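Given the sequences, and given the hints that come with them, work out the whole structure.
Protein chains: 2
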Amino acid sequence: MAQNKVVGPEIERLIQLLAKLPGLGPRSARRAALHLIKKKDLLLVPLAEAMGVAVEKIGICSVCGTVDTSDPCAICSDPRRDQSVLVVVEDVADLWALERAAAINARYHVLGGTLSPLDGVGPEDLNIAALIERCGSEAIEEVILAINATVEGQTTAHYVTDQLAHLDVKVTRLAHGVPVGGELDYLDEGTLAQALKARTQF
Amino acid sequence: MAQNKVVGPEIERLIQLLAKLPGLGPRSARRAALHLIKKKDLLLVPLAEAMGVAVEKIGICSVCGTVDTSDPCAICSDPRRDQSVLVVVEDVADLWALERAAAINARYHVLGGTLSPLDGVGPEDLNIAALIERCGSEAIEEVILAINATVEGQTTAHYVTDQLAHLDVKVTRLAHGVPVGGELDYLDEGTLAQALKARTQF
Chain A
1 MAQNKVVGPE IERLIQLLAK LPGLGPRSAR RAALHLIKKK DLLLVPLAEA
51 MGVAVEKIGI CSVCGTVDTS DPCAICSDPR RDQSVLVVVE DVADLWALER
101 AAAINARYHV LGGTLSPLDG VGPEDLNIAA LIERCGSEAI EEVILAINAT
151 VEGQTTAHYV TDQLAHLDVK VTRLAHGVPV GGELDYLDEG TLAQALKART
201 QF
Chain B
1 MAQNKVVGPE IERLIQLLAK LPGLGPRSAR RAALHLIKKK DLLLVPLAEA
51 MGVAVEKIGI CSVCGTVDTS DPCAICSDPR RDQSVLVVVE DVADLWALER
101 AAAINARYHV LGGTLSPLDG VGPEDLNIAA LIERCGSEAI EEVILAINAT
151 VEGQTTAHYV TDQLAHLDVK VTRLAHGVPV GGELDYLDEG TLAQALKART
201 QF
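Heads up: the protein sequence lines correspond to chains A and B, in order.
Using UniProt numbering, the letters of the first sequence map in sequence onto residues 1 to 202.
Using UniProt numbering, the letters of the second sequence map in sequence onto residues 1 to 202.
Think of the hints as simulated: they come from the structure by calculation, not from any bench.
In this text, all values refer to a predicted model and were calculated from it rather than measured experimentally.
For each residue, glycine too, the CB sits at the ideal point set by N, CA and C.
Some hints could be false.
Under 8 angstroms between C-beta atoms, here's a sample of chain A residues computed to sit facing chain B [said to hold, decoys possible]:
| hint | residue |
| --- | --- |
| 1 | 8 |
| 2 | 11 |
| 3 | 20 |
| 4 | 30 |
| 5 | 40 |
| 6 | 68 |
| 7 | 167 |
| 8 | 169 |
| 9 | 171 |
| 10 | 174 |
If you want it as structure tokens, here you go:
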């Protein structure tokens, strides 16, 4: 990729680092860098500060594996949360999505990925051992597997279920079906078959 | 848009500032923030540093109006550049594009926008007076108007040409025509008409 040699190395480095963000390519990173430089006081200075704060304060929760400024995180240390239910997610982004939906007032456990033998990701690379330990030592009654409905996700879900089999814990998973607002015509056969199979009384 | 309340205010602020970058919306800003936090040492720390450096060092060149770490900028202070030619561009991004093309070894003048009466942008809001002054005081022989071929851009080009009329300076503009690699079928009638009119001996 042809890069600009007339901008100083400082701007060049800013552009190259911005281009590593998901959603920004080399061209949009240049636009973003220029935007930052032009809006120095309004955007560049505050963003540099916010990143400095993030560097200093944000870490991984040693209990559930999410990112937060405190350890244990705000969710793990919230006494108003149902202590008997753990929602297992692949990634912090999934935890955030569930929290935005505000559909459940439980605690979480972040696996940090899915099993993927082809990519060399085995059980020891994920946050699974800690999950088994939590389920053994804490008074957990139900583990909800809120893992993506992909092949890797479901493989991981099966593995986790097997690992929890010897414990007195109910393991559930999210329902499959038609997304709210979704049109049947656009859905794949697998989803439609599952939605029919799990139909409920109207 | 519903924002996440479980992430600390520090993460929230980082997401909100990232969402102000061109090319990133609220959803991709969340992804970018999470990516930054996960790649703390590889990305967040270097990017925070690069932004700090940018805050401190990068400014506007007082001669041509581009952004750089020195004033006058590296281009304006480069003696190997043709001192008799000025390339007038709307924006720093256009200057960067021309430099990447490496098509001309001249100096630049950045207007900082286009005339747009509806948006309240008049000649005094652009870097035009400085251009007239440069053409009067420096030994400029040619001014190349490399301004976007939009209505506002061409209005601005006409205005600048009028302002330079009393000086002994040749004013030229970029050729219109078929983009290299472009297909005629996809081009608008205006471009095709211009390309025909300005046809050259093969």
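Non-conforming hints, listed in increasing numerical order: Hints 7, 8, 9 and 10 contradicted; others consistent.
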